[in-house]
Amino acid sequence: MFEKLQRALWKALTPDLVPDQPKATAPVKDDAALDEAVIAALGGANNLKSRQRVALTRVRVELHDPTLLDATALRNAGVPGVMALVGGVVHLLVGLSPT
Amino acid sequence: MATTQQLQLLAPLSGLLMPLEQVPDPVFSSRVIGDGLCIDPTSQTLRAPLAGVVSNVQDSGHAVSITDDNGVQVLMHIGLDTVNLAGKGFSRLVQEGQRVEAGQPLIEFDADYIAVHARSLLTLMLVVSGEPFTWLTGDSALVDSGQPLLQLSLGAPAPSAEPEEEGEALFSKPVTLPNPNGLHARPAAVFAQAAKGFKASICLHKQQASANAKSLVAIMALQTAQGDALQVSAAGADAEAAIKALAELLASGCGEAVTAIAAEPVAAVAAPAGKLLRGVCASTGSAFGQVVQVAEQKLEIVEFASDQAAQRGQLERALAQATEALQVLRDKAASTAQGEIFKAHQELLEDPSLLEQAQALISDGKSAAFAWNRATEATAELFKGSGSSLLAERALDLMDVGQRVLKLLLGVQDSAWALPEQAILIAEQLTPSQTASLDTRKVLGFATVGGGATSHVAILARALGLPAICGLPVQVLALASGTPVLLDADQGELHLEPAPAVIAQLQARRQQQQQRQRQELEQSAQAAVTRDGHHFEVTANVASLAEAEQAMDLGGEGVGLLRSEFLYQDRGVAPSHEEQAATYSAIARALGPERNLVVRTLDVGGDKPLAYVPMEPEANPFLGMRGIRLCLERPQLLREQFRAILASAGLARLHIMLPMVSQLAELRQARQMLEDEALALGLKELPKLGIMIEVPSAALLADLFAPEVDFFSIGTNDLTQYTLAMDRDHPRLASQADSFHPAVLRLIASTAKAAHAHGKWVGVCGALASETLAVPLLLGLGVDELSVSVPLIPAIKAGVREVELSQCQALAGRILGLESAEQVRDALHQHRQSTLAPSPVLEN
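Chains as they are written, first to last, in my numbering: chain R, 1 to 99; chain A, 1 to 844.
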């Protein structure tokens, strides 16, 4: 680790001396995976702007068109609680994630 | 027989019920505070579950308690760890002492903000007064706000602690409260629970206010804050034991992870008494402006978390977000130097061992924030203890990037930094992230306590062309923001509340400097000849073709030091012969056959490692395998370099220079290799071969080296640190590791004498050669060539033109008898005043 850091720091200190090497960035993992039925109830994958696991019990999604959300279908798909907020933000209350 | 009264508690929110024992917070799930329920809310207004009086609303708006006329007390706590939000996302609709109806709105909150910025939205409603209850709901986990939920039985109140026979109350010593958010619900519950274990009646005092220590709500109503001086009093049989135990509990944080409160170091520092503070110049220039103190936000970190998977997810997300944010900073960086720093930060984030440490801690049940913080802190400590000043200084980078991720994990947003005009930023140490968010148009300069020539402040300030001072006394942190100050980086001085005359003087000096710089530039093509007609060569220190070309434009008479490391650093395999040869030839061609090109062979080692030259870690790399030592151990590397350098023979006056030579055998071995390679290439004429004088042994044996070399070049930076045994980047010693020290100067003098006795020339390629103050001294000591950093070529040439060699020699003779670097500097300043009185003076 030290060697690697020292190289990085040397690079930082002598930027003009060191050629740039393109580096692949690590892909962001998605732990807020949702069932197909849930996605369908949210208006389909194309309606999802973003999704994010938040606050221990929730999946926060942003919808392009919040009117496509089908609350009954969501409940049938196993999401017991839904909280629709302004700006197309919806919290799905999915409970504590198993550890 | 008491009639049993009934009281219904209404749902304070709509949402999903969660069994209390599942709540991922031991204080709530263990029912220490009281039994009750937990709702994951789907509504955003907390309503009163019963009629009564608001007995307490926390200032931060995340908790409220209501007491009814029968003494039933219900606490509602919105979210977990929401005290950390410090009120953001909450609006209180009621006041303490206000009477409210059942169902009346108490607190509105922004569920989305809290969900994104706090640990959880799980909301607790707890019967603190302890009445038993039955559930009124069916099987459904979904509840609506206002729906009756619990049925309380009031007839059989828990036997309340009757006041004991009142003895005289005993008091504890004052305890400074360590909890970052005061005694909020959780620590207050722990404290109250402990107090209930004693028979004595116990009170907690904060100044004039006091509270029943056995009542959670009463304790919360004290609205304590970190640093408050609290006292415990008790009356009754076990009063003494109670006071002892409870005072200790208070001091230890009541179950919260707290750091012991030492006397605040900054607060303890008195504002500086004088009008002048001294530091070390990190970037030249001067400015008049007002003090802006830069303080780092304190972050609160919860140690434990039960949900490992979620913690891992949070950490991964935060790391990805931080990488993105750093990319944005890189893309809009004000300078390449700054961009490179953030690139290094991104690489730190990808470091697997850092991540492994954090993951291991999460597996042990720690929260992502705690784990990440611990991992970065531990590694930073490792850096600091590494013995390498460069790495030690980079510990700051690690802490900086660590804070960036930590803030993302904790949902803390950096407040935009509103700077006043003409700001002179003062800090213990400025981090790259802090400086990146600066509006540099408003910043006139930097002044810091920590840092050295390679610190970020120095790099950034030079890149921005702003003056900066490092190494100021810690009192500078006590200066009030807005204090007018004059930052004179050239002199390393910070003047407090300067008189108008001082400011005018400084401005006049700036103008003179600029005028002088213009003049120097105009005359840069002229030779560096002293008034009494002696010519000295002023050459350049370069590390690329571009620099070599620039040096020629600025009047450089050759290259006195080509740092060949740039060809080798940061790559997986050694450069090919063709690549090396082409690079040396291009630089040689830029100079032409009439100019000297001095190529220093590879100077790397434990302090500057190469990926493809694996080395054992060394305890002290500056005293380890570096320079010629490494090359002789790996002769193939050196032979290849010789071959490549020899390919440029004839294109310029080629010189080869060996670094870190300390023994004659090293020189002889290298010369043999060079001769072998030259012979193999069929070269008739060998290039000149010389050595760096940077180890005291080489300087002391210069008379024995001289017959076997063609030239010496003195590396004053290393020679100074090895002679004085002071790391030149040491934060506290750097200012003393001064090349003007008479011991260093004597080594230079004896080296020059030995060289001239054998008809060899001596150059200086260290930083001392780039100081205008040193010019007459170095000429007087017998130095023949000054190799300087490219931008300073015109100034040093002008410096040579201003002196007389005979005077310089007399001056040098006097100076060699002085005791200290300060005396030497004073003597040089005096000399300059006396010889150059009419013309303006240039520092550095």
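Quick caveat, the hints were computed from the structure, so don't treat them as lab data. Any given hint could be a false lead.
[Unchecked claim] Under the rule of at most 30 Å between Cα atoms (straight-line distance), these lysine-lysine pairs were calculated in the DSBU-like manner: (1) A/332 / R/49; (2) A/244 / R/49; (3) R/49 / A/275.
[Stated by the list, open to error] Take a look, some chain A residues computed to stay more than 12 Å from chain R by CB distance: (4) 42; (5) 121; (6) 276; (7) 309; (8) 317; (9) 537.
[To be verified] Which residues of chain R face chain A? A few of them, derived with a C-beta cut under 7 Å, are: (10) 55; (11) 74; (12) 77; (13) 88.
Note that CB positions come from ideal geometry on N, CA and C, so glycine has one too.
query = Hint numbers the structure violates, sorted upward?
reply = 2, 3, 4, 5, 7, 8, 11, 12, 13
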